[in-house]
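Participant: Go ahead and model the full structure; you've got the sequences and the hints to work with.
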Amino acid sequence: MNEDPYAVALKNALTEIKNICPDVSRSFIFAKDGTIVAGDSETDEKTMEKMIQSFQSVAEKADTIGSLKAFYVNGKKGKVIISNVNDMYLALVASKNVDTTYLHSVTHVIIPTVLKLLETITPTPIQSAPSKQLVVDTLSGFFIGDSVQIDTELLEEWAKLLNQKSVNQVDIEAFGGKATQCKVKEINEPKLKGKGMIRIPEKVCKTLEVKKGELVKVKPA
Amino acid sequence: MSAKNKSKNDIEILQEKLQSIKGREGIIGYILRGSNSASIDLKDPTKIIDYAVLSATSFEAGQDMSSMFEVDEVHTILLEGEGTKILSRVVNDHRLSIFMEKNVDHNKLSKDLNLA
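Protein sequence lines, in the order shown, are assigned to chains A and B.
Reading the first sequence from the start, the letters are residues 1 to 221 in the numbering used here.
Reading the second sequence from the start, the letters are residues 1 to 116 in the numbering used here.
Hints may contain errors.
Ranges of calculated distance between the beta carbons of each label pair, as one might list FRET restraints [stated by the list, open to error]:
#1 A:141 with B:111: 46 to 54 Å
#2 A:135 with B:111: 51 to 59 Å
#3 B:46 with A:120: 43 to 51 Å
#4 A:20 with B:43: 35 to 43 Å
#5 A:105 with B:91: 25 to 33 Å
#6 B:19 with A:206: 35 to 43 Å
Hints in this document: simulated from the structure, not taken from any laboratory.
These figures come from a predicted structure and were not determined experimentally.
Think of the CB as a built atom: it goes at the ideal place given N, C-alpha and C, for glycine as much as any other residue.
Facilitator: See below:
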């Protein structure tokens with residue numbers, strides 16, 4: 001888990017949420033790529049990772065309803081509430097009698113305020129990396145999946161900048177204005193490595209309206 | 001009436017109620033899946049597979065999270081997307097997912113279906 005000032009401030013915000021809503025027993029925040037940003041001391045990292053994995057399995061299949069904004073599990077003894085706040089997800093576990101409307105109001109005021117404050121006082125956003133212009137190469141075939149492929153060195157450079165173990169998703173923007181987010185893997189063909197290329201499945205090329213040889217802007221999501 | 005027959009009767013009543021709410025404004029459709037059969041009624045049949053996969057995955061995720069955080073038996077699972085939401089729950093041994101637009105009052109819908 002991150003221990004930078006950004007994460008510490010969010011951890012404090014989570015503590016405040018618990019103070020205001022004692023019905024909340026556990027809380028943590030994670031990024032869209034699954035990275036844990038901040039969490040309380042009651043929940044161990046392994047549990048958080050397992051929950052994020054379950055949530056992402058749903059998020060991956062939620063394109064048909066637009067991106068996943070919230071996931072609620074109402075159980076006999078309590079509730080699990082995961083909701084989208086800015087570019088992140090806030091996960092809360094609360095008692096069955098929690099006032100969800102009140103909780104929603106509190107969390108959706110505190111967290112965005114803290115984030116906005118951090119953006120104001122931090123000269124450069126901590127979680128950002130410069131975008132790169134890469135040359136498109138198309139991937140075709142039945143089993144290519146939805147992931148794009150990028151040079152290992154670039155992925156490592158980004159991961160280092162972001163203080164993450166790895167980069168799993170990227171934002172791709174075509175010069176025509178179309179943009180999308182994709183999972184990313186390393187380029188696996190040795191002869192294509194180190195050429196400033198991004199290998200994009202044909203389906204994604206259509207979405208972006210780009211062709212082989214054209215340039216696109218790519219940055220970690 | 002035996003427990004098995006009562007359960008069958010409950011599902012038949014639920015199916016009738018689902019038929020009655022499917023024409024309501026904002027209701028996209030539903031999937032009611034038992035161990036041997038499924039009733040599917042969606043306004044856009046091209047989305048059947050996508051919705052079925054999403055419904056099944058959310059049930060699994062809901063069960064996983066329930067065990068992880070010890071919230072016990074899952075009553076309902078609610079999934080919200082950009083403009084659509086899905087209300088899922090187990091009714092007897094059937095898995096029901098109702099797909100609707102985000103502005104639909106799912107609590108009222110649950111009450112109308114006697115699921116609240």
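Participant: Does each hint hold? Answer for all of them.
Facilitator: Structure-based check of all given hints:
The hint said 46 to 54 Å for the Cβ distance between residue 141 (chain A) and residue 111 (chain B), and at roughly 50 Å that hint holds. In this structure the supplied range 51 to 59 Å holds for residue 135 (chain A) paired with residue 111 (chain B), their Cβ-Cβ distance being about 57 Å. For the pair residue 46 (chain B) and residue 120 (chain A), the beta carbons lie near 46 Å from each other, so the given range of 43 to 51 Å is met. Against the hinted window of 35 to 43 Å, the Cβ-Cβ separation of residue 20 (chain A) and residue 43 (chain B) comes to about 41 Å, which satisfies the hint.
The hinted range of 25 to 33 Å is satisfied by residue 105 (chain A) and residue 91 (chain B), whose Cβ atoms lie roughly 32 Å apart. A hinted range of 35 to 43 Å for the beta carbons of residue 19 (chain B) and residue 206 (chain A) is consistent with their spacing of about 39 Å.
Of the numbered hints given earlier, the model fails none.
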